[in-house]
Amino acid sequence: MDPITFSIIRHRLFRVVEEAVITLKHVSGTAITNEGHDLMVSLYRADGSLLMGGVGFLHHLTSAAEACKSIIRRFAGQINEGDLFLLNDPFTAALHTSDIYLVSPIHHQGKLIAWSACFVHVYDIGAMNPGGFAPDAQDIFTEGFSSPGIKLIDRGQLRQDVWDTLLNMVRGPEMVALDLRSMIACNNVAKDRLLALVVKYGEATVDQACLTLIEQSETRLRQRLRDLPDGQWQSRQYLEVKGETYRVILTMTKQDDTLVFDFSGSSPQSKYAVNCTRWASLGGLFAPLFPLLCYDITWNEGVIRPITMIAPEGSIVNCTRPAPVSVATVGAIQSVNNAACSAIGKMLAASDQYADEATAVWHANHFAIFMFGTNQRGGQSIGILTETFAGAGGARTFADGVDIGGEIPNPISRMANVETIEAAFPIRYLFRRRLQDSGGAGTFRGGTGGEMAIVPHDAPDGGIHYVLSGKGSKFPQSEGLSGGYPGAINDYVWVHAPKDAERSFANSLATIPGDKQPISWGVFPLMQKDALYVRWNGGGGIGDPLRRAPEKVMQDVIDGVVSSRAADEVYGVVMSHGTVDASATQQRRSDLRRVRMAGGRTA
Amino acid sequence: MSRQVISATLAIEKGKIVCADCGRALVEAGQSWKRHAALTSTPIRDMPGAASAVDDKVVLRYFACPGCGSLLDTETALPEDPFLDDVVKA
Chain R
288 MDPITFSIIR
298 HRLFRVVEEA
308 VITLKHVSGT
318 AITNEGHDLM
328 VSLYRADGSL
338 LMGGVGFLHH
348 LTSAAEACKS
358 IIRRFAGQIN
368 EGDLFLLNDP
378 FTAALHTSDI
388 YLVSPIHHQG
398 KLIAWSACFV
408 HVYDIGAMNP
418 GGFAPDAQDI
428 FTEGFSSPGI
438 KLIDRGQLRQ
448 DVWDTLLNMV
458 RGPEMVALDL
468 RSMIACNNVA
478 KDRLLALVVK
488 YGEATVDQAC
498 LTLIEQSETR
508 LRQRLRDLPD
518 GQWQSRQYLE
528 VKGETYRVIL
538 TMTKQDDTLV
548 FDFSGSSPQS
558 KYAVNCTRWA
568 SLGGLFAPLF
578 PLLCYDITWN
588 EGVIRPITMI
598 APEGSIVNCT
608 RPAPVSVATV
618 GAIQSVNNAA
628 CSAIGKMLAA
638 SDQYADEATA
648 VWHANHFAIF
658 MFGTNQRGGQ
668 SIGILTETFA
678 GAGGARTFAD
688 GVDIGGEIPN
698 PISRMANVET
708 IEAAFPIRYL
718 FRRRLQDSGG
728 AGTFRGGTGG
738 EMAIVPHDAP
748 DGGIHYVLSG
758 KGSKFPQSEG
768 LSGGYPGAIN
778 DYVWVHAPKD
788 AERSFANSLA
798 TIPGDKQPIS
808 WGVFPLMQKD
818 ALYVRWNGGG
828 GIGDPLRRAP
838 EKVMQDVIDG
848 VVSSRAADEV
858 YGVVMSHGTV
868 DASATQQRRS
878 DLRRVRMAGG
888 RTA
Chain Y
1174 MSRQVISATL
1184 AIEKGKIVCA
1194 DCGRALVEAG
1204 QSWKRHAALT
1214 STPIRDMPGA
1224 ASAVDDKVVL
1234 RYFACPGCGS
1244 LLDTETALPE
1254 DPFLDDVVKA
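Listed in order, the protein sequences are those of chains R and Y.
Using our numbering, the first residue of the first sequence is number 288, and each one after it goes up by one.
Using our numbering, the first residue of the second sequence is number 1174, and each one after it goes up by one.
Hints were generated in silico from the structure; no laboratory data involved.
Where is the CB? At the ideal position from N, CA and C, for every residue including glycine.
Misleading hints may appear alongside valid ones.
[Claimed, not checked] Within a straight-line C-alpha distance of at most 27 Å, the following computed DSS-like cross-link-like pairs (lysine-lysine) qualify: (1) Lys1230(Y) - Lys529(R); (2) Lys529(R) - Lys487(R); (3) Lys1262(Y) - Lys1230(Y); (4) Lys1207(Y) - Lys558(R); (5) Lys1189(Y) - Lys803(R); (6) Lys1230(Y) - Lys1189(Y); (7) Lys398(R) - Lys438(R); (8) Lys1207(Y) - Lys1189(Y); (9) Lys529(R) - Lys803(R).
[Said to hold, decoys possible] Derived CB-CB ranges, DEER-like: (10) Lys1230(Y) - His864(R): 52 to 62 Å; (11) Met814(R) - Gln1204(Y): 54 to 64 Å; (12) Gly886(R) - Ser1225(Y): 48 to 58 Å; (13) Ser1225(Y) - Gln365(R): 36 to 46 Å; (14) Ser1205(Y) - Asp802(R): 19 to 29 Å; (15) Arg608(R) - Lys1230(Y): 11 to 21 Å; (16) Asn794(R) - Ala1223(Y): 19 to 29 Å; (17) Ser1225(Y) - Ser851(R): 12 to 22 Å; (18) Cys1195(Y) - Pro800(R): 34 to 44 Å; (19) Arg720(R) - Ser1205(Y): 41 to 51 Å; (20) Glu1201(Y) - Gln503(R): 39 to 49 Å; (21) Ser1175(Y) - Arg720(R): 33 to 43 Å; (22) Thr866(R) - Ala1223(Y): 56 to 66 Å.
[As the list claims (entries may be wrong)] Part of the chain Y face toward chain R, derived, beta carbon under 8 Å: (23) Thr1182; (24) Cys1195; (25) Gly1196; (26) Ala1198; (27) Val1200; (28) Gln1204; (29) Ser1205; (30) His1209; (31) Leu1233; (32) Asp1258; (33) Asp1259.
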């Protein structure tokens, strides 16, 4: 094949996915999809292997491949042109029940030539708690509708009985219907555009280009791995639920042109819904691998071949049915993301050639806060606080991380406008901004996370309720690199207003009147004049903070993202009358180094 | 003699892992270097920016060069957990 035709087909495949993503966003009506970008679209070959990974949450690329393969096995002989299948069982392929896969076979002249697959986190899935994340769930049976594969569209005709059954089991069925229709539209667009490509260039030519693309990705990744030093890198993530601490332990071994991710030593599976299944862990390690090792390589089956995962059965990263997993995407999956990001970052930093590609761990602790209740118009609302997608960039070896700069597993993640949330829910934001001292200290500082507080506003019922879950607020999770500090920890505080409280216009947690109760797991009210304060973690730093340019530290203090205390204790920078005192700073840093050399409190 | 970078703060030189800043040798290449670094630790709750619910026991371990005090690595850890060992082949 001539290289120009190959290049055109490669780019067209990418555009097919991109246009399908746009369709998904435009049709869906939920903030989590069209504002937070909790979505994914990809193309797969006829056998279900990954052909063209799209953007969105990248841990879905491999899981959706398994969804296609599972449908191929389950529906052998019954896969027809115009069909569309739904799959959301985590023990088959999905990450958790509320992330629904719709997969569509693509036929050309009667022959199955490819699949398109997409997901969104639907508005609700009928779990025991609204919104899909179910902290009260004790097993998969209480986490809502769960299908290992069902035909939703048969030869172009919607199966109304299946449609009605599904919508009969969820809260907010009209919004779930819109989510499902957005995915149907997305698959239709992907199918139409891929078929147009096949008609223009011929099936054989496109197929040859696809095979070449996969071979090219495998060849390029294996070469990159050979360019990197052999070795073994370890990382560890802590997560906490209701006083119980869990660990995700990773030993990553690189030898020649292969990588092994071994999660042996991780905690046994939990009784709480933070577990994840094997397919979820596989996706979880690929989510940082795609952008960090394959930033210039097409994300497809070729990238998967050099990688091996070991995940002990019965552990928190490979739980067995019927363990609950509804919190997985903000639970163990993200711990796998973080552990893999940390280990890959260390490996890249061990190479002169690739050190510039190394990064500390980015925003590492999603929180799931799904609000539900009667809105200001008298209707019912369910929806997530999308600040969880705002993220924070990890530091690089040559630059600071980006403040509120997104996250590694989702290159297009973002948060909704305050006004979007205030329009959908009877709440008012007191403030939302960057969080001081949240970016991990270092020669290059991690990007800051943020903080916010909300209060009820114009609520017919006096307020609303919310479901809170995640990995807790006890442990830093965005690890630093090469002496960099981790980013600050999440925090969730329920402020109980005094009975005689005035309407609050406080602009910080300290000034919100009332008793402050840390919370992290369960269903809580936000009523009357109470407030909910949330802060999310910053990215990890890189390098010794005592080597950070003092002028940068002072600018951070002026900007309010680093405190004077941190400037002194962590960075060793002495400021006087708005300038850096160079000699005092030099002395302070020497003193801090001497303390380190002498050794101090030990772990 | 050539120097092989193994992190932003460490290198291998003459068969030994050395501080990239001052060249102080820590241990033979291929072995765990952290036991030969100067170790201090701080409870996370005492650090600037700590959250209200931070675990009482979790610390940040600092591994510094015993020769110059440069910070070589950090790790978040509960006291009972072992060091994370990274080994780069020479």
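Evaluation of the provided hints:
1. About 16 Å separates the Cα atoms of Lys1230(Y) and Lys529(R), which keeps this hinted pair within 27 Å; it holds.
2. Note on Lys529(R) and Lys487(R): the hinted pairing is violated, with a Cα-Cα distance of about 58 Å set against a maximum of 27 Å.
3. The suggested pairing of Lys1262(Y) with Lys1230(Y) is violated, with an alpha-carbon distance near 34 Å, which exceeds 27 Å.
4. About 35 Å separates the Cα atoms of Lys1207(Y) and Lys558(R), which puts this hinted pair outside 27 Å; it is violated.
5. For the hint linking Lys1189(Y) to Lys803(R), the alpha-carbon distance of about 52 Å lies beyond 27 Å, and the restraint is violated.
6. A threshold of 27 Å between alpha carbons decides the hint, and for Lys1230(Y) with Lys1189(Y) the separation of about 34 Å lies outside it, so the pair is violated.
7. For the hint linking Lys398(R) to Lys438(R), the alpha-carbon distance of about 19 Å falls within 27 Å, and the restraint holds.
8. Restraint check: the Cα-Cα separation between Lys1207(Y) and Lys1189(Y) comes to about 13 Å, which is no more than 27 Å; the hinted pair holds.
9. For the suggested pair Lys529(R) and Lys803(R), the alpha carbons sit about 18 Å apart, so the restraint of at most 27 Å is met.
10. For Lys1230(Y) and His864(R), the Cβ-Cβ distance of about 41 Å falls outside the hinted range of 52 to 62 Å, so the restraint is violated.
11. The beta-carbon spacing between Met814(R) and Gln1204(Y), approximately 59 Å, falls within the hinted interval of 54 to 64 Å.
12. The hinted window of 48 to 58 Å between Gly886(R) and Ser1225(Y) is violated, with their beta carbons roughly 30 Å apart.
13. Range check, Ser1225(Y) to Gln365(R): about 55 Å between beta-carbon atoms, so the 36 to 46 Å window is missed.
14. Here the CB-CB span from Ser1205(Y) to Asp802(R) is close to 47 Å, at odds with the stated 19 to 29 Å.
15. Our hint of 11 to 21 Å for Arg608(R) and Lys1230(Y) is violated, since their Cβ atoms are close to 34 Å apart.
16. The hinted range of 19 to 29 Å is satisfied by Asn794(R) and Ala1223(Y), whose Cβ atoms lie roughly 21 Å apart.
17. A C-beta distance of roughly 21 Å is found between Ser1225(Y) and Ser851(R), which places it inside the suggested range of 12 to 22 Å.
18. Our hint of 34 to 44 Å for Cys1195(Y) and Pro800(R) is violated, since their Cβ atoms are close to 53 Å apart.
19. The given range of 41 to 51 Å is respected by Arg720(R) and Ser1205(Y), whose C-beta atoms sit roughly 42 Å from each other.
20. The supplied range of 39 to 49 Å is met by Glu1201(Y) and Gln503(R), whose beta-carbon atoms lie about 41 Å from each other.
21. In this structure, Ser1175(Y) and Arg720(R) break the distance hint of 33 to 43 Å, their C-beta atoms being roughly 48 Å apart.
22. A C-beta distance of roughly 29 Å is found between Thr866(R) and Ala1223(Y), which places it outside the suggested range of 56 to 66 Å.
23. Look at Thr1182(Y): its Cβ gets to within about 5 Å of chain R, closer than 8 Å, so that hint holds up.
24. With its C-beta approaching chain R no nearer than about 11 Å, Cys1195(Y) sits outside the 8 Å limit, and its interface hint is violated.
25. Because the closest C-beta pair between Gly1196(Y) and chain R is about 15 Å apart, greater than 8 Å, the hint is violated.
26. Because the beta carbon of Ala1198(Y) sits about 16 Å from the nearest beta carbon in chain R, more than 8 Å, this interface hint is broken.
27. Annotation: Val1200(Y) was flagged as interfacial toward chain R, and the flag is violated, the nearest CB pair being 15 Å apart, outside 8 Å.
28. A cut of 8 Å between beta carbons decides the hint on Gln1204(Y): the least distance to chain R is about 12 Å, and the hint is violated.
29. Against a cut-off of 8 Å between C-beta atoms, the interface hint on Ser1205(Y) is violated, since the closest Cβ of chain R lies about 10 Å away.
30. About 12 Å separates the beta-carbon of His1209(Y) from the nearest beta-carbon of chain R, more than 8 Å, and the hint is not met.
31. For Leu1233(Y), the interface hint holds, the least distance from its beta-carbon to any beta-carbon of chain R being 7 Å, beneath 8 Å.
32. Hint status for Asp1258(Y) relative to chain R: holds, with the closest Cβ pair at about 6 Å, below 8 Å.
33. For Asp1259(Y), the shortest C-beta to C-beta distance to chain R is roughly 5 Å, which falls under 8 Å, so the interface hint holds.
Going through the hint list in order, the structure does not satisfy hints 2, 3, 4, 5, 6, 10, 12, 13, 14, 15, 18, 21, 22, 24, 25, 26, 27, 28, 29 and 30.
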